[in-house]
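Novice: Read off the chains here:
Protein chains: 2
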Amino acid sequence: MPTPSGPFTGRTIDGLARDLREGRTTSTALVQLALDAIAELDPLLNAFVTVDAAGARAAARRADDELAGGADRGPLHGVPVGVKDLIMVAGLPASMGSRHFAGVAVADAACVARLRQAGAVVIGKTNTHEFAYGPTGDRSAAGPSRNPWEPARMSGGSSGGSAVAVAAGMVPLALGTDTGGSVRIPAALCGVAGFKPAYGAIPVDGVFPLAQTFDTVGLLAGHERDCLIAYRSLVPAGALKDDGRPGRVAWLDPTGVFACDPQVARTVRRAVEAGTGPLEELAFPAHEADELRETFTAIQSSETAAVHADRLAEAPELFDPEVLERVRGAAEMPGWRYVRAMRARPRLAESVGALFGRHDVLALPTVPLTAPFLGQRATELDGGPVAVRAALLALTSMWNVVGFPALSVPAGTVRGLPVGLQLVCRPGWEHLLFETAALGRARHGTPPAG
Amino acid sequence: MPTPSGPFTGRTIDGLARDLREGRTTSTALVQLALDAIAELDPLLNAFVTVDAAGARAAARRADDELAGGADRGPLHGVPVGVKDLIMVAGLPASMGSRHFAGVAVADAACVARLRQAGAVVIGKTNTHEFAYGPTGDRSAAGPSRNPWEPARMSGGSSGGSAVAVAAGMVPLALGTDTGGSVRIPAALCGVAGFKPAYGAIPVDGVFPLAQTFDTVGLLAGHERDCLIAYRSLVPAGALKDDGRPGRVAWLDPTGVFACDPQVARTVRRAVEAGTGPLEELAFPAHEADELRETFTAIQSSETAAVHADRLAEAPELFDPEVLERVRGAAEMPGWRYVRAMRARPRLAESVGALFGRHDVLALPTVPLTAPFLGQRATELDGGPVAVRAALLALTSMWNVVGFPALSVPAGTVRGLPVGLQLVCRPGWEHLLFETAALGRARHGTPPAG
Numbered sequence: 001m002p003t004p005s006g007p008f009t010g011r012t013i014d015g016l017a018r019d020l021r022e023g024r025t026t027s028t029a030l031v032q033l034a035l036d037a038i039a040e041l042d043p044l045l046n047a048f049v050t051v052d053a054a055g056a057r058a059a060a061r062r063a064d065d066e067l068a069g070g071a072d073r074g075p076l077h078g079v080p081v082g083v084k085d086l087i088m089v090a091g092l093p094a095s096m097g098s099r100h101f102a103g104v105a106v107a108d109a110a111c112v113a114r115l116r117q118a119g120a121v122v123i124g125k126t127n128t129h130e131f132a133y134g135p136t137g138d139r140s141a142a143g144p145s146r147n148p149w150e151p152a153r154m155s156g157g158s159s160g161g162s163a164v165a166v167a168a169g170m171v172p173l174a175l176g177t178d179t180g181g182s183v184r185i186p187a188a189l190c191g192v193a194g195f196k197p198a199y200g201a202i203p204v205d206g207v208f209p210l211a212q213t214f215d216t217v218g219l220l221a222g223h224e225r226d227c228l229i230a231y232r233s234l235v236p237a238g239a240l241k242d243d244g245r246p247g248r249v250a251w252l253d254p255t256g257v258f259a260c261d262p263q264v265a266r267t268v269r270r271a272v273e274a275g276t277g278p279l280e281e282l283a284f285p286a287h288e289a290d291e292l293r294e295t296f297t298a299i300q301s302s303e304t305a306a307v308h309a310d311r312l313a314e315a316p317e318l319f320d321p322e323v324l325e326r327v328r329g330a331a332e333m334p335g336w337r338y339v340r341a342m343r344a345r346p347r348l349a350e351s352v353g354a355l356f357g358r359h360d361v362l363a364l365p366t367v368p369l370t371a372p373f374l375g376q377r378a379t380e381l382d383g384g385p386v387a388v389r390a391a392l393l394a395l396t397s398m399w400n401v402v403g404f405p406a407l408s409v410p411a412g413t414v415r416g417l418p419v420g421l422q423l424v425c426r427p428g429w430e431h432l433l434f435e436t437a438a439l440g441r442a443r444h445g446t447p448p449a450g
Numbered sequence: 451m452p453t454p455s456g457p458f459t460g461r462t463i464d465g466l467a468r469d470l471r472e473g474r475t476t477s478t479a480l481v482q483l484a485l486d487a488i489a490e491l492d493p494l495l496n497a498f499v500t501v502d503a504a505g506a507r508a509a510a511r512r513a514d515d516e517l518a519g520g521a522d523r524g525p526l527h528g529v530p531v532g533v534k535d536l537i538m539v540a541g542l543p544a545s546m547g548s549r550h551f552a553g554v555a556v557a558d559a560a561c562v563a564r565l566r567q568a569g570a571v572v573i574g575k576t577n578t579h580e581f582a583y584g585p586t587g588d589r590s591a592a593g594p595s596r597n598p599w600e601p602a603r604m605s606g607g608s609s610g611g612s613a614v615a616v617a618a619g620m621v622p623l624a625l626g627t628d629t630g631g632s633v634r635i636p637a638a639l640c641g642v643a644g645f646k647p648a649y650g651a652i653p654v655d656g657v658f659p660l661a662q663t664f665d666t667v668g669l670l671a672g673h674e675r676d677c678l679i680a681y682r683s684l685v686p687a688g689a690l691k692d693d694g695r696p697g698r699v700a701w702l703d704p705t706g707v708f709a710c711d712p713q714v715a716r717t718v719r720r721a722v723e724a725g726t727g728p729l730e731e732l733a734f735p736a737h738e739a740d741e742l743r744e745t746f747t748a749i750q751s752s753e754t755a756a757v758h759a760d761r762l763a764e765a766p767e768l769f770d771p772e773v774l775e776r777v778r779g780a781a782e783m784p785g786w787r788y789v790r791a792m793r794a795r796p797r798l799a800e801s802v803g804a805l806f807g808r809h810d811v812l813a814l815p816t817v818p819l820t821a822p823f824l825g826q827r828a829t830e831l832d833g834g835p836v837a838v839r840a841a842l843l844a845l846t847s848m849w850n851v852v853g854f855p856a857l858s859v860p861a862g863t864v865r866g867l868p869v870g871l872q873l874v875c876r877p878g879w880e881h882l883l884f885e886t887a888a889l890g891r892a893r894h895g896t897p898p899a900g
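Chains A and B supply the protein sequences, listed in that same order.
All residue numbers for the first sequence refer to our numbering, where the first residue is 1 and numbers rise by one.
All residue numbers for the second sequence refer to our numbering, where the first residue is 451 and numbers rise by one.
Keep in mind that the hints were calculated from the coordinates and are not lab data.
Heads up, some of the hints might be wrong.
As the list claims (entries may be wrong) - Label pairs and their calculated CB-CB ranges:
{"hint": "1", "chain 1": "A", "residue 1": "H100", "chain 2": "B", "residue 2": "S801", "range": "27 to 33 Å"}
{"hint": "2", "chain 1": "A", "residue 1": "G200", "chain 2": "B", "residue 2": "A828", "range": "48 to 54 Å"}
{"hint": "3", "chain 1": "A", "residue 1": "A237", "chain 2": "B", "residue 2": "P735", "range": "45 to 51 Å"}
{"hint": "4", "chain 1": "B", "residue 1": "E800", "chain 2": "A", "residue 2": "A237", "range": "30 to 36 Å"}
{"hint": "5", "chain 1": "A", "residue 1": "A71", "chain 2": "B", "residue 2": "L690", "range": "36 to 42 Å"}
{"hint": "6", "chain 1": "A", "residue 1": "G103", "chain 2": "B", "residue 2": "A804", "range": "31 to 37 Å"}
{"hint": "7", "chain 1": "A", "residue 1": "H100", "chain 2": "B", "residue 2": "V556", "range": "54 to 60 Å"}
{"hint": "8", "chain 1": "B", "residue 1": "G807", "chain 2": "A", "residue 2": "A71", "range": "48 to 54 Å"}
{"hint": "9", "chain 1": "B", "residue 1": "E800", "chain 2": "A", "residue 2": "G383", "range": "36 to 42 Å"}
{"hint": "10", "chain 1": "B", "residue 1": "A765", "chain 2": "A", "residue 2": "G200", "range": "37 to 43 Å"}
{"hint": "11", "chain 1": "B", "residue 1": "E800", "chain 2": "A", "residue 2": "D242", "range": "40 to 46 Å"}
{"hint": "12", "chain 1": "B", "residue 1": "P877", "chain 2": "A", "residue 2": "K241", "range": "36 to 42 Å"}
{"hint": "13", "chain 1": "B", "residue 1": "Q662", "chain 2": "A", "residue 2": "E317", "range": "49 to 55 Å"}
Stated by the list, open to error - Okay, the calculated bits of chain B under chain A, using three or more residues with CB under 8 Å as the criterion:
{"hint": "14", "segment": "695-703"}
{"hint": "15", "segment": "747-753"}
{"hint": "16", "segment": "787-795"}
The beta carbon of each residue, even a glycine, is placed where N, CA and C say it ideally should be.
Could you put the whole structure together from the sequences, leaning on the hints where they help?
Specialist: Right, here's the structure in full:
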């Protein structure tokens with residue numbers, strides 16, 4: 001399958017920033033590149049649900065004027081970005097991928113306001129699995145987002161539109177949200193970088209909730225370094241430390257958690273070890289993986305049903321049928337399971353934290369398989385049948401339970417489809433995720449910036 | 451009906467303390483009085499499930515020796531106390547009113563340890579509604595505790611044994627727990643004082659949980675001043691302030707919350723106004739009362755079912771049938787309702803707090819009716835049918851939702867049965883509850899101390 005390619009493919013934010021400051025391009029020109037690419041590619045890929053050409057052009061002009069006048073907002077100044085349609089952008093519709101919502105948002109979400117302060121130009125809103133409640137990305141009132149590597153396949157989700165927009169080179173950067181893997185899963189399936197910060201690191205004000213004790217704003221870009229640049233603009237100065245010490249990395253055996261395509265595991269491990277050298281292997285206690293999964297489900301179900309109970313009672317017909325069925329199921333999760341799950345979290349965070357006793361970073365596949373077909377709900381994995389949704393979430397949701405930061409970076413392809421390497425650390429050690437990812441990239445010899 | 455009477459009826463802790471120090475009695479003698487009263491009265495009243503005669507006599511001897519040697523632990527030194535059988539006492543059985551538990555507790559609960567440090571002598575364990583899950587006090591593996599005013603009537607619960615032990619004069623003081631009214635309800639129905647401190651004021655370590663975000667250790671005594679003396683020994687020095695300012699008291703119309711026997715309302719109001727003079731009347735917004743009730747139920751059900759889910763699955767036959775039915779119902783409370791209820795609490799605390807804008811203390815009946823008969827589950831109240839359990843909890847559980855302190859004091863009788871005046875304040879103003887109660891008592895002319 002051909003590697004997807006658009007005007008921003010292979011270009012980095014650093015490179016764009018240099019070009020903007022050295023007169024080789026303007027924000028207005030970058031916005032036009034994005035708009036043209038969307039016009040050309042999006043009828044097939046369905047990454048965007050709203051394109052704000054007029055607003056983006058006006059913002060680009062202001063960015064150009066500021067730069068020309070010597071007012072420089074930093075690396076994102078003039079850079080076009082996509083925003084997941086679960087995140088409010090003032091004056092633009094916010095559908096949450098659903099038929100329940102019509103009107104436009106009155107104010108920017110906090111993360112959008114911060115990106116704009118850093119000079120970023122919002123191009124439009126990207127497609128999302130309805131209410132972000134699904135890792136497949138193929139149930140949206142706007143239709144499924146499609147995988148640029150093979151459009152009959154799913155993008156993954158729920159931030160599918162953001163991953164597709166970046167993977168197809170329509171924009172260099174997009175905002176997503178990650179409650180159980182919704183940034184990392186589509187990043188892995190579409191072959192881009194996706195960063196889920198620590199819980200609470202980026203404010204979720206103005207983001208439609210999925211499960212409020214897991215919800216995290218995240219970033220998608222072609223290169224992990226661009227996620228880092230955007231992350232820096234979203235958190236207070238000094239939030240990222242860097243003690244200069246290289247991270248101690250271990251390989252976490254994914255088969256201790258869930259069935260894993262052996263080729264995926266091998267490819268991902270080879271990708272990380274190309275940078276780090278051979279890694280010590282850690283195993284996850286199986287009962288703990290089960291408990292993390294059950295804890296995730298009890299909490300997500302209860303919190304999601306709390307968000308939607310009124311809609312479920314008053315207008316069930318407006319939900320996508322599959323999402324409706326899931327919300328109905330979630331509404332039946334007993335309260336006592338939620339109580340127990342919430343009490344288990346500190347203990348689980350402690351025992352997961354203990355995995356980091358002698359290591360700073362754990363490496364594992366982001367997703368144990370490559371992108372299934374749109375609408376596919378069952379598949380085979382390592383010789384046994386698995387549910388697609390469970391498989392997609394299997395290696396990501398546990399990090400939401402404990403609130404740890406996790407980065408997914410492209411790690412090659414298996415049978416022509418991209419796979420992701422997931423790097424996880426404790427809160428406060430985020431810089432080591434990016435350093436570790438860069439190691440592999442350096443040895444691999446990636447395309448030059450810009 | 452005759453007023454119940456035992457050796458500690460009409461005696462106060464201050465009076466006992468004076469007698470002990472002035473040689474008119476000894477702790478050993480007080481313990482013997484308690485043991486004799488239990489032997490005489492408890493076959494009928496069933497207040498105690500365990501009596502530790504040997505342990506109490508030994509502790510009394512130590513207390514007497516200390517006092518004789520000049521080591522004075524303060525007003526509780528040598529005073530016999532009962533402890534609800536939900537609270538651990540080292541070496542004594544802890545049945546929680548249930549057939550699920552056999553063995554003895556290995557350590558004292560934190561509150562028991564503090565009472566002992568203050569010199570109190572544990573006489574035994576008092577009967578409780580099974581697992582404290584019921585305000586009627588008539589479903590215990592040990593059989594129902596009985597109201598000393600009329601033994602065919604319920605004591606109220608769940609701290610029924612503690613209320614009965616104090617009301618019948620078997621002990622001057624007892625520990626209870628209050629999750630939705632479990633100290634105040636039996637105090638009111640049995641004609642004694644019951645104090646539920648602010649949530650978190652007394653540690654619950656070593657107390658078997660009912661609903662952990664409501665559970666509170668409380669105190670029962672013949673006089674509210676004795677609750678205050680015991681409370682002082684259970685909280686850090688300085689926890690109780692006293693700015694000398696008299697409390698501004700308002701009457702809270704109970705009929706805005708639930709149906710109320712007009713004679714009960716009239717009697718209680720007259721009792722408080724005898725001390726304070728005519729009170730301004732406040733009304734509770736009806737929708738808020740409903741929301742407080744729903745919030746209480748969603749949270750108590752979920753948290754209680756979380757405590758009992760394993761017992762429910764493994765040994766349902768060991769539960770009392772009515773309690774089993776209630777735990778089964780609680781296990782069906784959906785998680786999303788718990789999530790919403792927990793989110794509603796800060797808002798509810800704020801709007802309930804607003805009732806205290808121009809007043810420090812709200813006065814209302816503790817319970818809107820007098821003690822029903824044992825096993826009675828339906829009655830008439832103000833001309834309409836009500837469920838007994840709902841009626842008993844109607845005026846108390848809302849204060850657990852918001853975590854405010856509340857004191858119930860005897861306020862006379864209606865048709866020969868005692869009724870309680872409930873005084874509520876914001877955390878930090880506890881001293882005003884006791885001052886307000888004392889006002890009424892002073893004007894009424896209560897029996898002299900000791």
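Novice: Could you run down the list of hints and mark each one as holding or not?
Specialist: Hint-by-hint comparison with the structure:
1. Separated by about 29 Å at the C-beta atoms, H100/A and S801/B satisfy the suggested range of 27 to 33 Å.
2. Under the hint 48 to 54 Å, the C-beta atoms of G200/A and A828/B, about 49 Å apart, fit the expected range.
3. Under the hint 45 to 51 Å, the C-beta atoms of A237/A and P735/B, about 46 Å apart, fit the expected range.
4. Taken as a hint, the range 30 to 36 Å holds for the pair E800/B and A237/A, whose Cβ atoms sit roughly 34 Å apart.
5. One distance hint, 36 to 42 Å for the beta-carbon pair A71/A and L690/B, is violated here, with the actual separation near 59 Å.
6. The hinted window of 31 to 37 Å between G103/A and A804/B holds, with their beta carbons roughly 32 Å apart.
7. In this structure the supplied range 54 to 60 Å holds for H100/A paired with V556/B, their Cβ-Cβ distance being about 55 Å.
8. Separation of G807/B from A71/A is about 50 Å and conforms to the stated range, judged on CB atoms against 48 to 54 Å.
9. Taking the beta carbon of each, E800/B and G383/A are about 57 Å apart, not inside 36 to 42 Å as hinted.
10. A beta carbon spacing of about 41 Å between A765/B and G200/A agrees with the range 37 to 43 Å that was offered as a hint.
11. In this structure the hint that E800/B and D242/A lie 40 to 46 Å apart at CB holds, the actual value being about 43 Å.
12. Look at P877/B against K241/A: about 39 Å separates their beta carbons, and that is inside 36 to 42 Å.
13. Between Q662/B and E317/A the Cβ separation comes to about 40 Å, which falls outside the hinted range of 49 to 55 Å.
14. Check on the segment 695-703 of chain B: 0 of its residues sit with their Cβ under 8 Å from a Cβ of chain A, so the three-residue criterion for coverage is violated.
15. Taking a C-beta to C-beta cut-off of 8 Å, the segment 747-753 of chain B contributes 4 residues in contact with chain A, enough for the three needed, and the coverage statement holds.
16. Chain A is given as covering the segment 787-795 of chain B, and this holds because 5 residues of the stretch bring a CB closer than 8 Å to a CB of that chain, at least three being needed.
Of the numbered hints listed earlier, those contradicted by the structure are 5, 9, 13 and 14.
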